[in-house]
Amino acid sequence: FQVGKLSKEYSVYVPDLIFFGRSTTVSQQRSVAFQSGCLMKLLKKLGVERCAVVGFSYGGFVAFKMAELYPDLVACLVIGGSVIAMTDSINQSALKKMGISSLAEFLLPAAVKDLKTLLYVGCYKKIWLPNFLYRDFLQAMFNNRKERGELLEALVESDTEVQVPSLYQ
16 FQVGKLSKEY
26 SVYVPDLIFF
36 GRSTTVSQQR
46 SVAFQSGCLM
56 KLLKKLGVER
66 CAVVGFSYGG
76 FVAFKMAELY
86 PDLVACLVIG
96 GSVIAMTDSI
106 NQSALKKMGI
116 SSLAEFLLPA
126 AVKDLKTLLY
136 VGCYKKIWLP
146 NFLYRDFLQA
156 MFNNRKERGE
166 LLEALVESDT
176 EVQVPSLYQ
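Just so it is clear: in the sequence shown, position 15 is 30 by my numbering, and no numbers are missing.
FYI, nobody ran anything at the bench for these hints, they're computed from the structure.
Even for Gly, the Cβ is constructed at its ideal location relative to N, Cα and C.
A hint or two may mislead.
To be verified - Restraint ranges, calculated between C-beta atoms of paired labels, are given here:
1. D151 <-> L61: 29 to 35 angstroms
2. S116 <-> K20: 40 to 46 angstroms
3. E165 <-> L57: 19 to 25 angstroms
4. D174 <-> F147: 40 to 46 angstroms
As the list claims (entries may be wrong) - Think about it this way: if two alpha-carbon atoms lie no more than 30 angstroms apart in a straight line, the pair counts; the simulated DSSO-like pairs of lysine-lysine are:
5. K60 <-> K111
6. K20 <-> K56
7. K131 <-> K141
8. K161 <-> K141
9. K60 <-> K20
Using the sequences and the hints, build the whole thing.
The following block contains the structure:
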C-alpha cells in the first residue's frame, strides 16, 4: 500500500521471494540464507549499493538473514510479523498452542475450512466471504505448496545452534 508513495522519493523494488508469486528455482536449496543470497544478487545486478530492507512474515526472516550476511548492503530493517529465528522451542510451542502437527498444516491451507481458520487467527475482525471466493483465493495464493512446505521446514533451527547476530543500524 505504501509502494506508490515511497516510490515518489525512493527507488522501490518489490521482488517475489522464491516460490512466492512466479519466482521459482531448480536448486534444492530452501534456506533463508539462499533466499537472501538471491535477493542480494538481484540488488547488486540492479546497481543497488546500500538499501533499507522491509520484510513481513517469511520475508522478515529473509530480511534478518540479509542484514546478517550482507551488512554492507543492508542499511536498515523494517520487520513485521516475524522473529529473528524460528527455533525448535518456538516452533513446538506454537504447534502445541494451535493443536497442529506442522507449520505447513496451518500456513498452507488446502481446504476452505482451513483457510477460514488461518484468516480467523490472523485477522482482527472476522471476515465473511462466500466460499467460492475462498476457493479462488486458495488457488491463487497457495501455489508451489510442496516447495513452500520445504521452505517452512528449513526455517526451523535447533535451539542449540541458533546464534542471534548483532545487527547495527
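Fill in: Pairwise beta carbon distance, S116 to K20, judged against the given window 40 to 46 angstroms
Holds: the Cβ-Cβ distance is about 42 angstroms, inside 40 to 46 angstroms.
Worksheet item: Holds or violated: are the alpha carbons of K20 and K56 at most 30 angstroms from each other?
Response: Roughly 26 angstroms between the alpha carbons, so the hint for K20 and K56 holds.
Worksheet item: Has the given pair, K60 with K20, been kept, meaning a C-alpha gap of at most 30 angstroms?
Response: holds (25 angstroms)
Practice prompt. Check the following: the C-beta atoms of D174 and F147 are separated by a distance inside 40 to 46 angstroms.
Written response: holds (43 angstroms)
Worksheet item: Quick one, are K131 and K141 close enough, alpha carbons at most 30 angstroms?
Response: Distance ~9 angstroms between K131 and K141 Cα, so the pair holds.
Worksheet entry | Status of the given 29 to 35 angstroms range, CB of L61 versus CB of D151 | For D151 and L61 the Cβ distance comes to about 33 angstroms; the hint holds.
Discussion item. Hinted pair, alpha-carbon criterion (30 angstroms max): K60, K111. Please report holds or violated.
Written reply: Roughly 43 angstroms separates the two Cα atoms, so the pair is violated.
Item to complete: Could you say whether the range 19 to 25 angstroms given as a hint is met by the Cβ separation of E165 and L57?
Response: holds (21 angstroms)
Practice prompt. For the pair we were handed, K161 and K141, check the Cα-Cα distance against 30 angstroms.
Written response: holds (29 angstroms)
Against the hints set out earlier in the document, a violation occurs for number 5 only.
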